[in-house]
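In case you want the letters, here they are:
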Amino acid sequence: MMQATVARAEPIVPAPEKAPLLSVDRVTLRYKTPNLLITATEDVSFDVRQSDRFVLLGPSGCGKSTLLKAVGGYMTPSSGSIHINGRQVKCPGPDRMMVFQEFDQLMPWKTVLENVMFPLLVARKMPKAEAEALAREYIDKVKLTRAIDAYPHTLSGGMKQRVAIARGMAMQPDILLMDEPFAALDALTRRQMQDELLQLWEDTKFTVIFVTHSIAEAIKISNRILLLSPHPGRVKAEVVDVDKVSHEDGSAAALERDIHNLLFSHETGHKE
Amino acid sequence: MLSPNIIMASEVEATKPYDNVRPVEQKLSSFETLWGISALRKGLLILVLAVIWQVYASYLDNPLLFPTLSDTILTLIDRFADGTLPARIWTTLQILFMGYVVGTLLAALLTVLAINTRIGTDFLETMTAMFNPLPAISLLPLALIWFGLGASSLVFVLVHSVLWAVALNTHSGFLGVSRTLRMVGANYGLTGISYVLRILVPAAFPSILTGLKIGWAFAWRTLIAAELVFGVSSGQGGLGWFIFENRNLLDIPAVFAGLLTVIIIGLIVENLVFQTIERHTIQKWGMKE
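Chains as they are written, first to last, in our numbering: chain A, 1 to 272; chain B, 1 to 289.
Just so you know, the hints here were simulated from the structure itself, not pulled from any lab data. Idealized CB from N, CA, C, for every residue including glycine. The reader is advised that the hints may include incorrect statements.
Taking lysine-lysine pairs in the BS3-like style, the calculated list, with each CA pair at most 27 Å apart, reads [stated by the list, open to error]:
{"#": "1", "chain 1": "A", "residue 1": "K244", "chain 2": "A", "residue 2": "K125"}
{"#": "2", "chain 1": "A", "residue 1": "K125", "chain 2": "A", "residue 2": "K110"}
{"#": "3", "chain 1": "A", "residue 1": "K143", "chain 2": "A", "residue 2": "K90"}
{"#": "4", "chain 1": "A", "residue 1": "K141", "chain 2": "A", "residue 2": "K128"}
{"#": "5", "chain 1": "B", "residue 1": "K284", "chain 2": "A", "residue 2": "K143"}
{"#": "6", "chain 1": "B", "residue 1": "K42", "chain 2": "B", "residue 2": "K213"}
{"#": "7", "chain 1": "B", "residue 1": "K284", "chain 2": "A", "residue 2": "K128"}
{"#": "8", "chain 1": "B", "residue 1": "K27", "chain 2": "B", "residue 2": "K213"}
{"#": "9", "chain 1": "A", "residue 1": "K244", "chain 2": "A", "residue 2": "K141"}
{"#": "10", "chain 1": "B", "residue 1": "K27", "chain 2": "B", "residue 2": "K288"}
{"#": "11", "chain 1": "B", "residue 1": "K213", "chain 2": "B", "residue 2": "K288"}
{"#": "12", "chain 1": "A", "residue 1": "K110", "chain 2": "B", "residue 2": "K213"}
{"#": "13", "chain 1": "B", "residue 1": "K284", "chain 2": "A", "residue 2": "K110"}
{"#": "14", "chain 1": "A", "residue 1": "K110", "chain 2": "B", "residue 2": "K288"}
{"#": "15", "chain 1": "B", "residue 1": "K27", "chain 2": "B", "residue 2": "K42"}
If you want the ones that stay clear, here's a sample from chain B, every Cβ over 12 Å from chain A, calculated [claimed, not checked]:
{"#": "16", "residue": "Q54"}
{"#": "17", "residue": "D61"}
{"#": "18", "residue": "V112"}
Could you put together the complete structure from these sequences and hints?
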């Protein structure tokens, strides 16, 4: 039986056979509040390969959202570097589409279709007909064809997040960055959205970085999990082959327990 | 037996999420629908006020102080028929339109500068802080010296009355655009003027519209007040001048007709123009319930 393995921080970088899509190299992120300079993450490194479902997992204060914003280009590392396809990340761009937690990420003045078409038109300079066809295809994938001409304020939270996901995926970005996209949803919708996201991945095998603070969600969604410790955020461990666990034989529950112990054990020694 | 058991409620069909909408939605009664139309409710109020006016003025029976509604309306129709009022309205609206458009364009320029540069922000904040509390009409004496008796003096005063209200509201609307939407705009690689036009303007549209409404109200009041002082060109003044002239002639029903015209135009712009814009924008977008 294949088993997901929890590797300690040191042996993360086994000489990769091909260049990773995204490489985050010894990145330290600091931001200012009116009277403090806060170190969000310190010396964090990881690689994301094509078609990875890469989850950043950790308790609040571990800088996972800040890390994702740095990958998105919204903040510059104070040291270290982030490269995507060999190019250094300097500013936000449509090759890294963000999906946010907040429902107000949709433009309230545009319908569902227009929301999905908008980045295709302005960022990819697509002709209108082509953009519309592509947008319709992705709206269909997230099962929102019925609401295609609705304005966002008439949609439920789950539907809004589906639109945001369709908008991100229709751009066919190098990497999709999801910042706790399901955190503001109710528990039932959340489970449904996780299943749908996995189905979408089976469909198109897109690359995604997913930030969450739910261990169960991380195990369900990912094939690799990066565990971060808080204050400041440092890499604690990486879990690989997460997709090999199964819920039938209890290995998922076991992995969840392992990760839980790892995150909440304060001694540096091995858990248990 | 100890294991959990699921008992199905057999008469409830397992429906697809959207199949069962029809029986859930029910139509309101026609009275509720009619009473829901605010224009209808307001129209009814105006009707009641009109009746009170007519009854009280008939009882007073002093056309020099307070003419009846019917007299006022007859005069109104009369002055419309002989072409005086339409000409006056046209003069007033022309000036108003000019001042309003110039004021709004200047406000747009200032706010775009303010949102893109820090010195622009400082300039806008200082200028609005200084000039917003200054009633535009108080600049009229100065404007008369600078530009003389004529349309340009009025336009100058109008620009002043529109500019600061629109700029202030637009700027605070821009600053209130959510961080998520700003990040979305940046994600699409939008910068500079296209970022302002495609993200900030629509996202801040409720505030912009409020600014435009306040600007309109200021401009309309200021213009009528300014016209009370002088006619634009000899003998061909606007609505304010019409009111002033007829007061001098002691033609009080005509004064009332002039006032009524000012009110009606105000109502039309407020209730037809701005509410139509509102219905097709921020109400449709759910930015105002």
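Unsatisfied constraints (hint numbers, rising):
Violated: hints 1, 3 and 8.
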